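J.: Could you slot chain B onto chain A? The hints should help.
So the sequence lines, in the order shown, correspond to chains A and B. So the first sequence is residues 1 to 211, counted in this note's numbering. So the second sequence is residues 1001 to 1212, counted in this note's numbering.
Derived from the structure by calculation, the hints contain no laboratory data. Computed from a prediction, not measured in an experiment: that's the story for all the values here. Glycine is no exception: its CB is placed at the ideal position from the N, C-alpha and C atoms. Where hints are given, some of them may not hold.
As the list claims (entries may be wrong) - Label pairs and their in silico Cβ distance ranges: (1) D1192/B with D101/A: 18 to 26 angstroms; (2) Q108/A with G1082/B: 41 to 49 angstroms; (3) I1127/B with R198/A: 36 to 44 angstroms; (4) A199/A with M1001/B: 42 to 50 angstroms; (5) L109/A with A1139/B: 36 to 44 angstroms; (6) G1010/B with R198/A: 42 to 50 angstroms.
As the list claims (entries may be wrong) - Cross-link-like lysine to aspartate or glutamate pairs, in silico, EDC-like; alpha carbons within 16 angstroms at most: (7) K1209/B with D1079/B; (8) K1209/B with D1107/B; (9) K1031/B with D89/A; (10) K1003/B with E71/A; (11) K1031/B with D101/A; (12) K1047/B with D1210/B; (13) K1083/B with E1050/B.
Claimed, not checked - Computed footprint of chain A on chain B, listed as stretches where at least three residues anywhere in the stretch have a Cβ under 8 angstroms from a Cβ of chain A: (14) 1005-1012; (15) 1029-1040.
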Amino acid sequence: MSSATTTRGWDEFMEGIWKQNPVFVMVLGMCPTLAVTVSAINAISMGIATTFVLIASCGLVSLMRRIVPKEVRIATYIVIIATFVTAVDYFIQAISLALYDALGAFIQLIVVNCIILGRAEAHASKTPPLPAMVNAAGMGAGFTIGLLALGVVREILGNGTLFGLSLFGAGFQPWVIMVLPPGGFFVLGTWLLFFAWRARRKQSAEVTQHA
Amino acid sequence: MLKTLGLVSGICGLVIVGSYQGTYEAVAANKRIAMERAVFKVVPAAKSIEEYYALDGGSIAKAGAEAPAGAVKFFAGYDEAGKLVGVAAAGGAKGYADTVRIMFGYDPACQCVKNIGVVSMRETPGIGDKIVKDKEFLANFEQLDAKLNAEMNALAHEIKTVKHGSKADAWQVDAIAGATITSRAVGKAINDTAQALLPKLVPNLDKIKDKS
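Next comes chain A alone, as it looks inside the complex (with noise of 0.2 angstroms):
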């Protein structure tokens, strides 16, 4: 592989995770975003399993793209999504109860998230299979960071723990309205704040080096 494709596969990737970051900078998948944060292991599983659904289905519209009808390809990708995500149901299920009772209707509700149809219409449908599951797999990363980063504040702020260890000791008084819906609401929006700023201040920056 040439160092040209590295750098593509590279910027393919990391797309997910900086540039078009699905949670902080497009804005999408709210609903799993603002419901399942209340920790940080339901984050992370809750990435990790959308980001599985999201590659699989990546690669395998990509690979159908040429055979696909243009009058049902939503339908098609629809069907695809639905495939991968009952079969993660079903892992999770496996792997731990706790988890899947945790996670609740939000493992199904994955076929609806905005970012893998997004993804599968306007690029895995126009791409080869293997940028395809690379842009899915940074796609993928970036939503688990997003989850992550409000999943990890909800639960230090809300329960007093992280990963379910105890950080302050008995005499913590838990912030309990931030494992509640508002606390989700709460903190994505002091995160999107601070994207913001920063997307502004990197913008006056450059303006007054243009000056």
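T.: Relative to chain A, chain B alone:
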């Protein structure tokens, strides 16, 4: 178009069937382990458990794949010598957010409910979920009266959740202040299951007092 759609459906079908088959045993084992863990929690003296159905007409059958009509499932816990030490049954009732599913232990010696465990719930953290850790509330289930009436067809006294601080009788459950709805769900879940199970089970306890 038909060919393509057929191909897609075929591949998808294979993937689903494959993952179902591949994970079936692990899923079943997981469910059994989760259930057993809940049973051992509410019947701590048990060393082994058996699954039974209490049937209409006073018979008790080993649990099989299919539940007969009107059957109530329960678990019998046995000690090392194979003697019955307690019975566990699951129940559920609507709580604040969703159904609260619990498992409770029944002690045939005192004819009372002893220990409860939560199987699943979605109650508000910090409020409704106190039912698993609030010591005062759990004290309700150290010896909650569940005697049958003289005709043996229902509980002598309905198990009922009462307002915090107003528990007067041994068959009442003292609610958690601020979490009355969840506390009530626990009381109702126990009462519903006990009313269905105990009249069928208690007259037949002899049949299961030794491990088969």
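J.: Of the numbered hints stated previously, which ones are contradicted by the structure, given in increasing order?
T.: none
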